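Student: Below are the chains, spelled out letter by letter.
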Amino acid sequence: MPENLFKMNAKEYILPGSRSCQGCGLSLAYRFALKALRENTIVTLPASCLCVLHGLYPNTSVNIPCLNCTFASTAASASGIVAGLNALNKTDTTVVAFAGDGGSFDMGIQSLSGAAERGTDFIYVSYDNEGYMNTGTQRSSATPLGALTSTTPVLTKQQHKKDFLKIMEAHDLPYAATTSPSYPIDLYEKFVKAKRIKGTRFIHIHVPCPPGWSYPTKDTVRIGRLAVETGIVVLFEVENGKLRFTGRSRTLAEKGNKLPIITYIERQGRFKKMSIEQLSQFQKWVDSRWNEFLRRAAN
Amino acid sequence: MKSQDKSVSAMADPAVGEAGKTGDWRDLKPVIDYGKCIPSVKNRPACYLCWLYCPEGVVKAGIRVEIDLTYCKGCGVCAEECPSKAISMVREEKGHE
Amino acid sequence: MSDVQIITGNQAAAMAARLCNVQVVAAYPITPQSQLAEILSQYVESGSLRAEYVRVESEHSAMTVCISASTVGARVFTATSANGLLYMHEQLHWAAGSRLPIVMCVVNRGVGAPWSIFNDQQDSLSQRDTGWIQIHCRDNQEIMDSVIQAYRIAEQVYAPIMVCYDGFVLSHTMMPVHIPGANPVRSFLPPYKPHTILSPENPKNINPVLLPNPRMSAEGILCDGYMEMRYKLQKAMEDSREVIMKTSREFADAFGRDNGGMLWEYRTDDAEVILSAMGSVAAEAMAAVDQLRAEGIGAGVVGIRVFRPFPKEDVARAFRKAKAIILFEKSISYGYEGGLSSELKAAFYRTDIHAPVHDYIVGIGGRDVKARELVEAVKSSVEAIRTGTPEKHTSWLNCITE
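Protein chains in written order, with this note's numbering: chain A, 13 to 311; chain B, 632 to 728; chain C, 763 to 1164.
What the hints contain is simulated information worked out from the structure, not anything from laboratory work. Being a predicted model, the structure only gives us computed values, none of them experimental. Treat the hints with care, as some may be off.
Unchecked claim - DSSO-like, lysine-lysine: derived pairs with alpha carbons at most 30 Å apart:
| id | chain 1 | residue 1 | chain 2 | residue 2 |
| --- | --- | --- | --- | --- |
| 1 | C | K955 | B | K637 |
| 2 | C | K1154 | C | K1085 |
| 3 | B | K667 | A | K19 |
| 4 | B | K667 | A | K23 |
| 5 | C | K997 | B | K637 |
| 6 | A | K270 | B | K716 |
| 7 | A | K267 | B | K716 |
Claimed, not checked - Far from chain A by the CB rule (all over 12 Å, computed), these chain C residues:
| id | residue |
| --- | --- |
| 8 | T793 |
| 9 | E807 |
| 10 | R890 |
| 11 | T935 |
| 12 | I941 |
| 13 | L951 |
| 14 | M999 |
| 15 | D1031 |
| 16 | A1045 |
| 17 | A1049 |
| 18 | Y1096 |
| 19 | T1149 |
Glycine included, every Cβ here is placed at the ideal spot set by N, Cα and C.
From just these sequences and the hints, can you work out the full model?
Tutor: Pasting the structure below:
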């Protein structure tokens, strides 16, 4: 383990004293994403938790150039940066869009699909804390079945999480992956790999959120880990259509002993109103999805 | 009133402590028992899971491991993840700096 | 050496963008602007314009691409109409607040609901509060000339500019246009020097959240609150008048054509009745004035070229001697009156101008506006004023209103 840590870029691009919450999963993920991306990067991001982490004028916590944009427009903002840099013959800078689940798959989906369909040469990162957390934990299409949010405060979310991977795969991407801050080395390596590939690269990060999911801040890494151990979150990459498990998910796929989802569910206050029926549906959904991953990885 | 800000539009510069001294946010602070901390025990670089998992990046992976208490928010992830249980989360004194 | 070609308004706009060596073009189709985007794609794909051409998936994204490409330092261009302009509305605010020298052609068309593909100016009127400079073109020559001037103005003032021209009436109508040479235009437009820094060499966070009050930077400088930053936009807009006037004069020197700065005047020297409008209706008003003069009515036209910043001091001078002011507007601020009417009256406040202002709403949704209709409207207004009813409620010309 220490060898992998020492091979990593030791530089920190998030300066101490940022505005993110205690125990923020996004903060941990962003730390390692930026280590992998390094200095020659331009980030663009919408109003979001990450925008808050970047800070209020006239100071910023992040030592990487960043362009703020409106909520629907992140991928288009990145498209414009790429076009502008190309026009000025500055083509070696990595352009990275960083939006949340809402900014990617609710309001942001049109510009994301457009940029991906055009084969825009950038990395699109969707950090998924499963709700509109910045505005106070409202429901998004990424919220899992049975979760309480501030706009599903009594009956819980009625639909399964929208399948981001399927939507992005329809765009013929050279690279797509899911990562988690509970597995920072896997995350770091995927960003390093993505940086070297041309075309639209899509990276999804499953980001635990203490206030949004109702768990103690100390458990951020544990919760993220349980998501993977139960198969709810699958660590994988798809390169030119070929799917491969990575890290802990690969071990689980080989050994076949993923945990029942209740071990993940029971630790989070947002699931306290989940019905037995919903729990059963959720387990079925996870199992069916896991099996599909197994089938694809086997081919 | 004359503006000191000559900028045409809003461009912010990188700075430490954008949200202030975030150590003030803590109720609990991490305390390291160097008798259990693996790098200290082995007297060489090892483990460093606290450094790895700190969301704020305020853990210095040295011998000894040091945590920047000016900015540590006291989330407790380091204590939770430490494999030798070398870190305890201890209640802050009233009116701490 | 310039040459004259007989071209449509869309062709003139596309040629102008090419002459200005735009570097990034964002393109999305909407009638009656689509041909402009198509012609530019011809130029780019055949190599006569070296630019990144981004075939975006919506107008909102078209303006977004312009914003971020301009931030990086590229000269950008896009065009739209009606609902496309409305769709990018939040981005118009964003572009202005970002202080970017974006130039966009708005090919004026009526907005839904219900649908119209034909011309009126409701689209651009409804964007007057966004912080964009707004220029209205009388004919295709003005389209060519105004796009070129727009880059010179925008890149000095650091504010975006919409060059508006009437859909179908100008966009699809062929007129003789002097095409400036590439080298004179290149000399007229120095390279764009962005004030924005989006570069790994000097990391900055551009357009983050600003709080209500000024706030200390880490270096101990008291930096702007949101209100100061927004005041700077207003100040830039107010100061742009001088740049617009100067650019007009410099263009006249370089290319031999003066389209007026903030406004232009036709036969107003001894005019008792002044007609006023924006865009192609103002050109129609010139024909109406010739007819009125032939009938012995001392009429003239003040064509409003720049609607934002509003030419407050210029109109106070131009309308000074009028005994009657007759406006013809292709838009209306619903629930009140035509935009030009309210703004003129506000500009006359506490001046010596007390002439009655009659506001005619014309040509909504592409209804044709003929010079003889303007003549009849002027004569009826003049008669009403003469017989003791100077006040007139806003009327809709050539429209069934009972």
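Student: Which earlier hints can't be squared with this structure?
Tutor: Those not satisfied: there are none.
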